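Novice: Guided by the hints, dock chains B and C onto chain A, whose structure is given.
Protein chains in written order, with the working numbering: chain A, 12 to 172; chain B, 245 to 350; chain C, 41 to 298.
Certain hints may be false.
Facing chain B, a subset of chain C residues (Cβ under 8 Å, in silico) [to be verified]:
#1 87
#2 88
#3 90
#4 92
#5 247
By construction, these hints were calculated from the structure, which means they are not laboratory data.
Every value quoted in this text rests on a predicted model; they were computed, and no experiment measured them.
Built from N, CA and C at the ideal position, the CB exists for glycine as well.
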Amino acid sequence: MREDHIAPATRRRFLIDTAALAGAAGLDLSLAIRPASATPASMRAAIRRVVGEASVKKGRLKIDLPPLIENGNAVPLTVAAESPMTADNYVKAIHVFTEKNPQPNVISVQLGPLAGRATFATRIRLADSQKVIAIAEMNDGSFWSDEIEVIVTLAACLEGV
Amino acid sequence: MARALINVPPKAKRGELIEIKTLISHNMETGFRPDNTGKPVPRDIITEFVCKYNGEEIFRAELFPAIAANPFLTFFTIATESGTLNFEWTGDNGFSASESVNITVE
Amino acid sequence: MRPVAVAAVATAFVVANAVAAEIPSADRKSGYDFMGRETRAMQDDDTANPGMLWVLDGEALWKRKDGAAGKSCADCHGDAQNSMKGVAARYPAFSPPRGRPIDLEQRINMCRVDQQQSTPLAFESKDLLALSAYVGRQSRGMPIDIADDERTRPFLQAGRDMFNQRQGQLNLSCAQCHDDNWGQKLAGAPIPQGQPTGYPLYRLEWQALGSLQRRLRNCLVGMRAQSYAFGAPEYVDLELFLMWRARGMPLETPAVRP
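Extracted from the complex, chain A is given alone in its bound form (with noise of 0.2 Å):
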């Protein structure tokens, strides 16, 4: 059930933790580097700033991503929001989260009437076996969102060892 992949994250683990060390030891490694994986906290605070202190309902919002994931470099992901998409009546934004990524936010799309279907898709990249979130903003000012728990492996025999 649980994720197989662990070869990134430890190579990540090990630059990092030797990056530490030389930098303890005083030589001038970058201190750009940081955790390789973001919190449900960062994620949180991400969508709050999207969303301000609005509630968010679970609905009119589906995400689609293979639920098993055999690359997590380039995973297609598709949003689609119920919406007549009218002048009155109108998906202005969707945005999309994720929790382990070494940076939440994914993609925020701007829509409107002239969309026609409140639906897109692109190909996203996913660190880690997570939960990626969804939140689509009406024309109304509410708040709707999906959210969906993914696996992600690796093939076998990577070029970088």
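Specialist: Chains B and C only, in chain A's frame:
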């Protein structure tokens, strides 16, 4: 050198919902990947994509490092009248690319 | 090679056919069959397949004049859709001037040096990949057809030997995974049969298009075995054998793989 691949139906009926697919070549360097000395390779990504239909904005996206390399984006619009669909990508280090496609609406 | 030696090798190859644990023809599957629905959809849609970006670059390069001869590929070969149809499905192929098989990338470079009087493109460079993806695309859907004759047989045998030989710190052979254990899981991912039906291809792991040689290097590094420099004859022998092993399967270039 081809940088972007756009797929738009060349003809559509007035009022028809059409799907627009875009694919552009770009490494989308995240800024989190360490090079072989352990230093992170600096971020270099496309940050914004805008699509205009006869000058009017129909779709806009803000992209973050979590968007996969060679960004692929598809979305919809209603075919209203013949004209031009204009696509613009901008990003770090002054990256800028644009494409235009004509559409005939009957 | 002396006629006696050639005959001996030829016979040996046929005998080896019968003895090795080769995948029966009817059970052969492309890497495509081991992928998830979404990755397959990425390959099937030319407007979503990132490999097509390289094919488009290749189309532009095909028409670009180069070298002291000031010629483009198109000047000799015309429209690639006609002249290159079926070519990639036959490579690696025996090259009489070289006295051995060469792969498509080496063939492109031969043209660059001999016909265009230009410099060879670096292995795995964007331009070389673009051209080989463009040429490969013209054979999409066609059955792989590698010559099995007296000229190629010694090299097929060398490739087969490498496929079956245990190597590296893990003491693994290609055959142990890809002939004997395909379909089972390794580190959560299914082991494919190793049929090179779509090269050069967009590998999600690379986030770029790459050649069969690049993939073979990944395999060797993964097995903790010695990898060779790009263009090494060992790779071409192995490529020749692998493409022969995939004979009859349709070419999918440019494919997408995880």
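Novice: Next, verify each hint and record whether it holds.
Specialist: Comparing the hints with the structure gives:
1. 87: Because about 4 Å separates residue 87 of chain C from the closest Cβ in chain B, which is inside the 8 Å limit, the hint holds.
2. 88: Result: holds, 6 Å to nearest chain B Cβ.
3. 90: 4 Å, holds
4. 92: Result: holds, 6 Å to nearest chain B Cβ.
5. 247: 4 Å, holds
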